[in-house]
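**Student:** These protein sequences, in sequence, are chains Y and H. So for the first sequence, our numbering puts the first residue at 21; every next one is plus one. So for the second sequence, our numbering puts the first residue at 7; every next one is plus one.
No wet-lab data here; the hints were simulated from the structure. Heads up, some of the hints might be wrong.
Derived DMTMM-like pairs (lysine to aspartate or glutamate); straight-line CA-CA distance at most 25 Å [as the list claims (entries may be wrong)]:
#	chain 1	residue 1	chain 2	residue 2
1	H	LYS441	H	GLU706
2	Y	LYS194	H	ASP156
3	H	LYS593	Y	ASP45
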Amino acid sequence: MYESNTLDPSTPTYVLSNLLELNVDTTTLSTTLLGYDAYSSQFAHDDVARTYCHISSQLPTGYRREWGGLEIIGGGVEAGYAGSPLVTLSCRTDGQVLTERLQPTSLGLQALTGVGRTRARQLRDAGFTSRERIATTDIATLAAVRGFGRLTAERVQQSAQAIANNEVVRTTEKPLPSGKPVYIDIETDGLSPTITWLIGVLDGSSADGEYLSFLQTDPDEPAGALEEFMHWYTTTASHRPLVAYNGWQFDFDVIQDHIIEYCPQYETDWTSIYRFDPYQWAVKDGNAILPGRTNKLEDVATALGYEPMAEEITGEMVARIYQQWMTNQSSATEPEWNTFEIYCEDDVRGLATVYEALKASSRIVSTDAPSRDTGASTTQGQLSDW
Amino acid sequence: MSSDSNTSDSPITAQALERTVPRYEGQLKHAEIISAEDGKYVDSRTVLRGDLAVRFSEAIGDLFTHQARALDQLAAGNNVCVTTATASGKTYVYALQIARNYLSDPGSTALLLYPTKALSRDQEQALTEFFAVLGLDLAVAVYDGDTPQDRRRHIRETADVIITNFSGVNAYLGHHTRWSSFFSSCATIAIDESHTYTGVHGMHVAWTIRRLRRILAHYGSDPQLVCTSATIGNPTEHAERLTGKPFTVVDEDGSPRGKREIVFWKPPLDEAVLEADATFEDFRNAQTNPVREAGSLLAHFGLHGLQSLVFTRSRKNAELGAKYATDAAGTHPRSGQLRAKPYHAGLGKETRRNTEYQFKNGQLDGLTSTNALELGIDIGSMDTTVLTGYPGTRQSFWQQVGRSGRGDSDALSVFIARADAIDQYILDHPEYVLKDGVEEAVIGLENNPVYAQHVLCAAHEQPLEDADREWFDGERLDRAVGMWSDAGKLTGDLSRSVRYMGSPRPQSEISMYATSNTQFDVRCPDGEIDMEPVDRERAYRDHHEGALFLHSGAQYEVIEFEEDRPNPYIAVREVQTNEYTETSSEKTIRDLESEATRDLGDGYQLSWGTGIIEIHYTHHQRKDIRTGETTTSLQPTGLPPLELNTHLVWIELPPSIETTILEEATNMDPASLSDGERMEVFGGGLHGAEHGMIKLTPLELRMDKSDLGGLSTPRHAVTDVPTWFIHDAVEGGLGFSKRIYDQFGTIAERTRERVASCECTGTNGCPACIMDSQCRNQNQYLHTEATVHVLETVLEQLG
Ligand SMILES: [Zn+2]
Ligand SMILES: [Zn+2]
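Please work from the sequences and hints to get the whole structure.
**Tutor:** Next up, the structure:
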């Protein structure tokens, strides 16, 4: 294996391969890392190899564990997902690895409303190889493509234009909730969370609304942030819709569970709140097409022009850092609370951007087909229905 | 219907049946008279407190002694398992306990677990009425997959008694906070028909109960447990393994019963057509069809004004039985019209309701039914029941027998034996079913794959800590946590907290009937099939492409076998052929590690432990059911070898035994025998012992014989001596091989008795002794004489 002598020792070095794989043997209750011996013997110097981050595409995303002194990181996709997703890895200077899944259907022509494999082929056969061409061609030419008619052509073109122009496209007349929304985003300690330790709230518009942060730094007081938030909501914001991106898959359920468990006095207040999830409404219920490379909040918001203040991190990473703090509270493990508050603020402002765009959109494309779901939503998007 | 029942001619007793049945050929092998028994009662006021006692005795009457005893035990704070007869009022035990708890604490709740959804709905109504009669305002509700979403929260928050099943509990634990109010007040858990939780399903239920109890403890509850069970050999042990709590068993039945006779009936075998070297199929064909015999009996009873219910083992036989009965009535000396109908789940709901109604109202002389009627469907009682073959367990046997009997009048049940080792054993030894319960219900808690899945769920439900070793088998939890941490699914350590990191909702990964998460969904693209997913091992064996199989009495063919995808499946279509599939395979056993060994001396050694069994299902072909002739050419299955890491029991014999067996079994000088002949006799003896023991183990343990597999050889590559193996047929083991190890002597003795007393001629055996339809070697080299000698030698050594 080639090893450079000119690597900058102050930033992490990543080694990417497909050589390491897990074998979980539930019969003997043991897990082995297949390929480890052959892999580690390839490095001339053990001590240097120990400073690298070793990514294997055969290991699931989010995997991170030390094996024989080597930091092993997952850069693949866990088995069980349909299709064959593409993965993009972002290796960061702080040693964190971001993984993002893309379904082939979210790329190219299949990203267009009403276009599946068959129509994509018909379009390509007719010479339409890019979305840009479809967005700019005249409608009659498009309608002449085999298998297309006028209505299909219009729908496909509008969707191509929406993507090309980074616009939201409404596909139904279904109204959004009335009332001034309260945007929220929560941070927890993982996918089966035991604490909601940060609730970021945006009261007002994306551009100049007031950001409030309900933070509980003490893991032994799991009710703290929730009680403060519920107190604020019931006294100053009651009857306003609560908006969370992918809320029905994560935030709303988690808050409800934690309220029942830690501050049941707020249960009735909570369940009577009108809750709204733009992701569910747009993508799952098929009321709108969102722009962006994927339907992740960051991607959609960025496509709509929102400029994040902080570098992107994932809920998964935040959860892991809080977990380390929970296990062992020391100055070394203490999270930089402020960083997370900014990260959370980015999310709620981005969310407001999306919501405002939905509200403002007047373009209605009629569609009988289910809307595009790229399957590449956030980690939280993997949560199945309860 | 003629009106001359209960005359001296009426075949309602064994004697009268023997005398009156047309063309009697000595079928009656044994008759048992079970005398009537008066009920034993206790004044409810000595058990229940004031008001409750008054209302109960006004509405229902006195308590049976077993109910009183169970309630006293519960009052003393014990967990109780009631194992009295069907219809002996076991439900009242927990219903009254719930009523008592309610009176002393109206906020208390109870969780009732039933094995089927149909039973849940029945009980919801019965309990609601019961509590109303007692004047108690208790809300009883079913909460399962069929409960509408918008009703769920209401039920969780308001019901006093929730009825559900274990698949439901497994799922609901994933968001237990929603159950906090119900759970924190839970005072009673009742597990109905608890004997049904055995094998793989039993393991899942056992770990689900521990997860449930752990979460209940989290909410400050430690409810009392009540199990109701059929008679089994090990009620205390079973209840304790199932739940992890100590139990008191109440088994002295105080309920009354009428007089009945049970007749053991052997359909005539047409031996004339059988050669000494008859094959498995030859026997199949020579046997007078037991279903035809059942049809004749139904006609005979019906024409004497007796109403009967015939139990068959398949839908097809239920249909045939009714037809045979009508045919038989036509040639019966007492001519008359017979009204008989089939009954099975394949018939439409309306047809079934209609048939139930007609039968109940005496418009039908008889029904031929699958065990669909066993599960508490009310069609009233009838004069006689006929069992076509042993239903597999004593409990089902008695349930079927117990359907006959109207009030005080006499009842008769006829058990017709099939040409099958167990049925024949029962003909030889009717005392086996007549005496008290002997089958043991086995739960293999040592199976790691199932255990590991539940550990993962438990971590998801509540982080794991040191104290959780108490729920999850001590140090074994450390190993499981280590494995899942290395796999990236858990993080942290037990001294602080171990947290779940895997994909959401691990509970949904659990299939309550399988050991691994590699299981195959069963789909029927052009029709319907209601079948649980199949484990990989079974899919390879029974459901490869082209395989024919029976399910709920219908025949299916596998048309697609898809493993290489995230959700493997097999696609099937319903077919009607006169064929069956024969699959050839190669099996090797290696990496044996014994965990328990009994040195029997003189080179005999019995062991139990783990090993790897490699099975390669290579080819299959079809054969005609009647003639046994091959109907298709040998087809490759296209499957790779399958490895099973599981538990097994094996016995090693000294090589010197070969000469002795050869001499005893052939009365010839072993030196004069060719290698082939030696293999046929000695190999046939080992093979026969292996088959026979597998076939007779269900007499001791509640199981299906396909839960076991075997291998025998005059010289095994690992042990280097004559050996036979019996192994659990699923990854990680089922606990059966361990029981066989513990009860080796009993099972070997029963097998020897059966083979020695079998009436088959020649030495190849027959399906009633050592031939087995599931043999991978087409029953090649089986030798009855040698089998008996091999077993005798081993039994002597066991002492
Ligand atoms: Zn025989
Ligand atoms: Zn065999």
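**Student:** Can you name, in rising order, the numbers of the hints this structure does not satisfy?
**Tutor:** Violated hints: none; all satisfied.
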